[in-house]
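Enquirer: All chains, please: the whole structure from these sequences, using the hints.
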Amino acid sequence: MTGAHQLDVLGLRMEGVGPVDLWLAGGECLVLSGPSGAGKTRVLRAIADLDVHTGSVSCEGVAAEALAPPAWRRRVGMLGADSQWWRDRVDEHFDAPPTAETMAALDLGPELLQAPVARLSSGERQRLALLRLLANRPRVLLLDEPTANLDPDNVARVETLVAHYMADAGAAVLWVSHDPLQRTRVAHRQMRLDAGRAGREPAPGERREAPG
Amino acid sequence: MILLGAWELSLAALLVIASAALAWRLRLGISGSLLIAGARMVVQLLLVGLVLKAVFHQAELAWVALIAVAMVLVAGYEATARQKRPMAGLWSFGIGVGTMFLSTFAVAVLTLTVILGPTPWYTPRYAIPLLGMLLGNTMTGVALGLDRLTQSLWERRAVVEARLMLGHPAREAIADIRRDCMRAGMIPTLNAMAAAGIVSLPGMMTGQILAGTPPVEAVKYQILIMCLIMGATTAGTALAVQVACRRLFDTRERLRLDRLKGS
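Line order of the protein sequences matches chains B and Z. Each residue of the first sequence is one higher than the one before, starting from 1 at the first, in my numbering. Each residue of the second sequence is one higher than the one before, starting from 1 at the first, in my numbering.
It is worth saying that the hints were derived from the structure and are not from the lab. Note that this is a predicted model, so its numbers are computed, not measured. For glycine and all other residues, C-beta sits at the position ideal for the given N, C-alpha and C. Careful: at least some of the hints might be erroneous.
If you anchor each label on the Cβ, the simulated ranges turn out as follows [to be verified]:
no.	chain 1	residue 1	chain 2	residue 2	range
1	B	H178	Z	I36	52 to 60 Å
2	Z	N191	B	G109	41 to 49 Å
3	B	S121	Z	A21	39 to 47 Å
4	B	G16	Z	S200	49 to 57 Å
5	B	F94	Z	D250	26 to 34 Å
6	B	G16	Z	W121	55 to 63 Å
7	Z	I36	B	S121	49 to 57 Å
8	Z	D250	B	A96	41 to 49 Å
9	B	H178	Z	D258	25 to 33 Å
10	Z	A175	B	D82	20 to 28 Å
11	B	A118	Z	V216	48 to 56 Å
Expert: See the structure below:
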């Protein structure tokens with residue numbers, strides 16, 4: 001170990017998943033891939049401390065258990081694959097509404113804040129959910145297929161916004177993606193989760209290691 | 001007072017049999033349970049009549065306490081037996097019994113000692129019917145509250161967890177659901193109170209009047225009982241929903257639906 005990283009995950013294990021070891025430096029994006037059912041979402045959920053697990057997870061040297069759960073989840077924020085809304089209007093879900101500039105970066109008009117959630121498209125909802133999460137200024141972002149409902153233009157906008165946030169805030173990003181092209185676009189490093197076990201994805205030009 | 005015999009009651013029982021026949025015709029799938037419930041009602045009430053006759057004669061605290069405990073246990077069972085998604089283990093039953101015990105016994109004992117004041121305070125002729133009415137209504141409130149809670153959490157788990165992911169404390173993430181469930185448990189009693197006397201003549205008052213009590217005296221008792229029922233139902237429902245909410249989250253504020261049966 002080389003001291004505390006932005007995110008350190010050691011021996012993370014749940015029923016049928018793990019052990020998973022990974023670490024992320026500030027400003028770094030690790031893309032997690034693997035077949036459906038391999039437990040990618042469950043790994044993110046365990047890191048956000050939403051599911052029971054063993055092993056240790058810490059953010060900038062602070063273990064999850066050392067913080068109250070809400071405080072931990074504000075530092076290590078997860079974005080679910082389907083965005084969820086529980087009030088009628090969009091702005092009722094924000095403590096402080098995002099600036100018009102940030103909204104424009106995702107091609108969202110400022111008038112959408114006053115709109116009823118039911119009138120938004122699933123893509124608009126997904127992009128707004130990302131802004132809602134970023135408003136917490138998380139130190140680590142756990143993104144579960146964040147661009148699944150988006151058209152190519154908006155996929156690019158989300159990737160850019162996340163990259164900017166990562167650079168500005170020095171945040172680390174753990175990104176689950178099915179799209180091989182997206183993986184090469186956003187990843188600094190990649191990791192593959194197979195049948196619950198994590199292994200290293202060979203970098204382009206690198207040979208796959210013999211199974212241990 | 002007109003006394004009822006086997007013949008008169010048999011005529012009334014025809015109505016239950018007719019209901020079962022109609023339910024069968026309409027394929028409601030409940031005619032069997034309806035007949036069984038009818039038969040249970042007759043047997044249970046006859047037995048209770050005998051038990052009460054014996055206990056009224058004895059008037060000992062131990063006997064009254066024994067009957068009261070049996071009543072709470074049965075109420076706890078009935079309140080949680082037909083839940084769609086009960087908690088695993090004995091948790092639903094335990095929460096039902098515990099909260100009903102606290103709310104109804106507190107109200108009943110206070111009423112007996114402070115308001116009614118029979119000597120001794122546990123005089124079975126007052127204590128048992130009073131507790132029975134409190135339990136019957138609190139049971140409905142607790143059953144509705146708990147059933148609604150486990151179902152809502154099951155259906156709306158994605159929303160609850162999305163709020164947890166945003167760093168909302170568990171209490172806040174389920175505040176809406178918790179309020180809904182408490183309201184659901186209180187509404188039947190609230191409706192009964194609002195409609196009392198106009199839409200419905202409450203059963204206890206009707207019984208007293210049929211048995212020959214002057215209407216104004218019967219009404220005064222009914223007012224007392226209604227107030228007590230509202231108090232016990234509110235306390236029981238709120239407490240049960242609150243305790244169940246705690247049980248469905250752990251110390252790390254994770255939603256633990258694995259603590260429901262069959263999940």
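Enquirer: Each hint: holds or not?
Expert: Tested hints:
1. B:H178 to Z:I36: 52 to 60 Å: At 54 Å between Cβs, range holds.
2. Z:N191 to B:G109: 41 to 49 Å: Given range 41 to 49 Å: holds, Cβ gap about 46 Å.
3. B:S121 to Z:A21: 39 to 47 Å: violated (54 Å)
4. B:G16 to Z:S200: 49 to 57 Å: Holds, at about 56 Å.
5. B:F94 to Z:D250: 26 to 34 Å: Roughly 28 Å apart at Cβ, these two residues keep to the hinted range, so it holds.
6. B:G16 to Z:W121: 55 to 63 Å: holds (59 Å)
7. Z:I36 to B:S121: 49 to 57 Å: This hint holds: roughly 53 Å between Cβ atoms.
8. Z:D250 to B:A96: 41 to 49 Å: violated (31 Å)
9. B:H178 to Z:D258: 25 to 33 Å: The hint (25 to 33 Å, Cβ to Cβ) holds, given that H178 (chain B) and D258 (chain Z) are roughly 28 Å apart.
10. Z:A175 to B:D82: 20 to 28 Å: Holds: the Cβ-Cβ distance is about 22 Å, inside 20 to 28 Å.
11. B:A118 to Z:V216: 48 to 56 Å: At roughly 54 Å between Cβ atoms, V216 (chain Z) and A118 (chain B) fall inside 48 to 56 Å, so the hint holds.
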